[in-house]
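S.K.: Sequence:
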Amino acid sequence: MQKPKLPKSVKPEKTPSLRWLKFKQWLSKHRVSVAIVIGAIIITGVFCFAILSINSSSNITLFSLKSKKAEKFYSPLTGIEVADESVTKAPVTGVMIENSPDARPQSGLKKAGVVYEAVAEGGITRFMALYQNDKPALIGPVRSLRLYYLNWAAPYQASIAHVGGSGNALSEVRNGSYRDIDQFYNADTYWRASDRYAPHNVYTSGEKLDQLNDSKDYKESTFKSFDRTDGKASTEPNATQVSIVFSSDLYSTSYSYDATSNTYARSLAGAPHTDREEGQISPTVVVAIEVASELRPGNDGYEDIVTTGSGKAYIFQGGTVTQATWQKDDQKSQLQLKDADGKSVKLFRGQTWVAAFTPGRGSISWQ
1 MQKPKLPKSV KPEKTPSLRW LKFKQWLSKH RVSVAIVIGA IIITGVFCFA ILSINSSSNI
61 TLFSLKSKKA EKFYSPLTGI EVADESVTKA PVTGVMIENS PDARPQSGLK KAGVVYEAVA
121 EGGITRFMAL YQNDKPALIG PVRSLRLYYL NWAAPYQASI AHVGGSGNAL SEVRNGSYRD
181 IDQFYNADTY WRASDRYAPH NVYTSGEKLD QLNDSKDYKE STFKSFDRTD GKASTEPNAT
241 QVSIVFSSDL YSTSYSYDAT SNTYARSLAG APHTDREEGQ ISPTVVVAIE VASELRPGND
301 GYEDIVTTGS GKAYIFQGGT VTQATWQKDD QKSQLQLKDA DGKSVKLFRG QTWVAAFTPG
361 RGSISWQ
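Take the sequence shown: its position 159, counted from the start at 1, is 159 in the numbering used here, and no numbers get skipped.
Hints are supplied without guarantee of correctness; some may be wrong.
What the hints assert, rightly or not - Distance windows between CB atoms, simulated:
| id | residue 1 | residue 2 | range |
| --- | --- | --- | --- |
| 1 | T260 | S177 | 39 to 47 Å |
| 2 | D339 | G301 | 33 to 41 Å |
| 3 | D84 | K343 | 39 to 47 Å |
| 4 | D339 | F184 | 38 to 46 Å |
| 5 | G167 | K343 | 21 to 29 Å |
| 6 | R192 | G298 | 39 to 47 Å |
| 7 | D300 | P359 | 22 to 30 Å |
| 8 | G122 | A83 | 30 to 38 Å |
These are calculated hints, taken from the structure and not from any lab test. All C-beta atoms in this analysis are idealised placements derived from N, C-alpha and C, irrespective of residue type, glycine included.
Sequences and hints are given; from them, build the entire structure.
M.R.: Encoded structure:
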């Protein structure tokens, strides 16, 4: 006997399996327990996710704090660590400071970051002291500018503090390409001291120079100076006594290395060279460079130092000497110091004194 055929649109009902019926009966009987277990699983999952998120966030925060704590900033002028990035961009000011016997002892030299020393005229040396972060309360005596000091200062994007200058120096510094803060046009920033006689008595201060720079919108200096590194006293020193002759004995300098402070105590004309307010001047690095000279344009008979090109350099730091080469590509390029392989010589962090002497009239020796 054949089974009756159903219409195609009508499907036979499926009978639930015995296993499914038993599961439904069990679930109905234990539904409270099942709900508790599922709830516990959900809560545990949420809790674990929250813990992982907190840990992840904490790790990121901790990493961020460590990164900020580890970040350090260094003065581009001296290489010394400074408080924050803004300090590395502070405006640089170069001050022309006299070195005739009537100008001694000077004020402010000890706190300069870099000092350039050379003959200004008649065998008399003069300093250009560069300041960025450490500003003395008193700086001077301030004297006139020479073109070669301006050439050394230009790469630092420095304001130039001076009292007049040679004709070619004034023509250059006033051409609009420099930050000229000549006393002739900014008299309120300078004053004449009563305890010395003219022209050896013009002074200024870090505070007044800062105010003048700010008023002229000279609020930042961006530059590349000497490459720097951490320095230690050498265990095999070979240059602990250094002598540099510029002209006569009145302007001859010497340096005595002190391993404890890792600095060179400076002497001038056979006596310790002191800052009137701060005491013994002791740079960390002394650089002596051999330079040529040429007659200054005009009829005054004075010479200018040739600052571009290259020549011999002697670098004293850590009790040792490195014989190197100085190079300055053009007027506004930075003075570079290179070893025998043409690589930049890294200077120790701290005050650097650059002495430019002309062979024949001047000389360098050490022991």
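S.K.: So, for every hint listed, does it hold in this structure?
M.R.: How the hints compare with the structure:
no., hint, verdict
1, T260 <-> S177: 39 to 47 Å, "holds, 45 Å"
2, D339 <-> G301: 33 to 41 Å, "holds, 38 Å"
3, D84 <-> K343: 39 to 47 Å, "violated, 31 Å"
4, D339 <-> F184: 38 to 46 Å, "holds, 43 Å"
5, G167 <-> K343: 21 to 29 Å, "violated, 40 Å"
6, R192 <-> G298: 39 to 47 Å, "violated, 28 Å"
7, D300 <-> P359: 22 to 30 Å, "holds, 23 Å"
8, G122 <-> A83: 30 to 38 Å, "violated, 43 Å"
The structure does not agree with the numbered hints 3, 5, 6 and 8 stated previously, though it agrees with the rest.
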